[in-house]
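Given next are the chains, with one letter for each unit.
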Amino acid sequence: MAEPERESFPNAARAFPAREGASGSDRLAGRPVVVAFACTYCAYTAADLAGAMRLSYPAEVRIVQVPCTGKIDICLLLDAFEHGADAVFVAGCNLGDCHFREGNVHAKKEVARCRRLLREVGLEPERLEFFHVPASAASLFADCAREMTKRACSLGPNPLRATPAGDLGKKLALPEDLPPAIPPQDLGKLKTDRANQQKGA
Amino acid sequence: MAPAFRDVCRQKSFIVTAEMGPPKGTDTSRLREIVHQIGSSVDAINVTDNQSAVMKVSSLAICRLILEAGGEPILQLTCRDRNRLALQSDLLAAWVLGIRNVLCLTGDHVRIGDHPQAKPVFDLDSVQLLQVVANLNQGRDLAGNALEGATDFFPGAVVTPGADPLGPQILKFRKKIAAGARFFQTQAIFDVDQLKSFLDRAQPNGVTILAGIVLLVSPRMGQFLNEKIPGVYVPERLIERLAEVPKEKRLAEGIRIAAELIRAIRDTGICQGVHIMAIGREEKVPEILRLAE
Amino acid sequence: MIVARRKPLAEIEAVVQDCTQVLVVGCGSCMAVCQAGGEKEVEILARQLRMRARLASRCQIVDEITLPRQCDPEFLRPLAALVDRYQALVSMACGAGVQLLAEQFAHRPVFPALDTLFLGVNEGPGTWGQRCLACGQCILHLTAGICPKTLCAKGLLNGPCGGTKHGKCEVNAEKTCAWAAIYNRLEKWGRLELIGRIWPPADWSVVDTPARHGTSLAEESAP
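Residue numbers (our numbering), protein chains in the order written: chain D, 1 to 201; chain S, 1 to 293; chain R, 1 to 223.
Rather than coming from a laboratory, the hints here were simulated on the basis of the structure.
Heads up, a few of these hints could be off.
Example chain R residues on the side facing chain S (calculated, C-beta under 10 Å, incomplete) [said to hold, decoys possible]:
#1 Ala14
#2 Ala153
#3 Leu157
#4 Gly162
#5 Gly163
#6 Thr164
#7 His166
#8 Glu170
#9 Val171
#10 Asn184
#11 Ile195
#12 Arg197
#13 Ile198
#14 Pro200
#15 Pro201
Not the full set, but computed from the structure, chain R residues with beta-carbon under 10 Å of chain S [said to hold, decoys possible]:
#16 Ala10
#17 Gly159
#18 Lys165
Just so it is clear, CB atoms sit at the ideal spot from N, CA and C, and this is done for glycine as well.
The task is simple: from the sequences and hints, build the whole structure.
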């Protein structure tokens, strides 16, 4: 694993509150948290290569491998910020090179949309970015990681870090009040033995 | 008192009308002056109705004042601000106040005016409004009720010879005639040939057509008309004519241009007269007419 | 379908800011299709509200639920067991759904998260256009399938007006003049006589506000 970098960033003196329940080395306490979503075929390969080439990039960057950036849902990005990430970036293939054809196009739009949602909430949209990182571009991946860590430092800690994400709401299931769905074999029939079916089936 | 516009249309060989916009407020002092300056040169004076959806004092009141000053007014009535009840009510009021001529228009949309948040009415359109006038003239309202006292309006409408597309405009022109329009004032024209080809295609029979003449005062005004006003085309040569002349001489050149157009229309006899729109410079109308002789 | 647009976050936040427990209720029908108030949009709004509450140091719990639609009382029944746990409901349905929700749960404030816009169709990815005014007097058989009451800015029946410019509307130069379009289509079909007659003024008494439609069982069973 690459040695964590010790570059001095502008405003590095600003304290990043240690995250509640943060695991990991003490050396990372009080440092920014940057999350990178990298696609298997391009960006993650580049990140891997960066490691093999012993290129150093900030240890603050946590990489999440996704099969394709097209998998990225806007709520995934919002969740990262809800849970205290200071910066997030999505790294995908170059346009035209996506293994799944247009996943990166979709991801780019989602990132743009999410930036608008962040602005509405009051977070700086610059905390979120999309980069094109081909599989061989190890040093480009390192540059992106460095860039987003720098942004996290200059923008300061995510203001949401001051409060725990906690249990502030969830998706509810529809109560079992609705009549049960009609089983396929009964579609079209006027009478069904529903009561017995519920017991038996 | 001026002769009735209806009689003028029947008897005179070349008819001239002019237009004025009411003030935005209660100061009507300029009004009397204008009537005195142009009253004897023109056969009737239009008063616009919240033109361009900019709120002004009601055309109805100003028409009455023109009557009192000895002029012959044409009430412009649009469908934008009033429903069918208010329109009929205002028409009856106009008759009661001595107004005899009415120009029926659909009206510019509120969004382009100075109260863009207003609710546009358009309960009727110009064709239906002409039918309303025809009904009132026969002593009935739109719901078929008999009136205690009928009107006898001389109704008119507008047409845009340079409309693009032209087909729908001609269709509507014929509907307006069928609905009772007896005179038309066209949108501004700057090319007599364009007017002629429109009239050849439209073939108005038995109605009085007055060609719209706008007083051009600057090259920028010409460009503005071309870009913003639908159906109006100011030829490049006229814009250049104004541009070549020093600023202080442009008004005079514009008057000359208007006069030439009027002369051309009168000499070719393609229609029965002109309607002069000298917006803000109504006092120049007699000069234009003098030059056109 | 009905097309709506979500209100700015600040507006929604302002009405619920004093509530400690809020339920965002989505609609899986028109509002999901026009991407204004479906399950996904509920997820996004709930997250944004939670983040705003934390940033403003407010204690607020925001739960999410999405119903198939909110314009039929049957679909609202499941909420009955839940409503009392919340101080307010934020409905992501169209104005009709918000009101039915408010009717059924009259003891709880129901706030709209959307501005309902119009009856319309999908014109392309992410774009919807208005097509119908619900005037109660459909004339599309006479106007080549183009509605002048909706697509003409002035709603004229004897159009066009003098503001038509190169087949575009004077109010918005990007909008096609409905009457130019109707004329062109009928001309191609050779059926201009459909708009040749003078149309009488519209009958607005056909649609009262508020309008109602439907028969009672008694009326239906009458011989």
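| field | Index of numbered hints that the structure contradicts, given in increasing order | value | The structure breaks hints 1 and 16; every other hint is satisfied.
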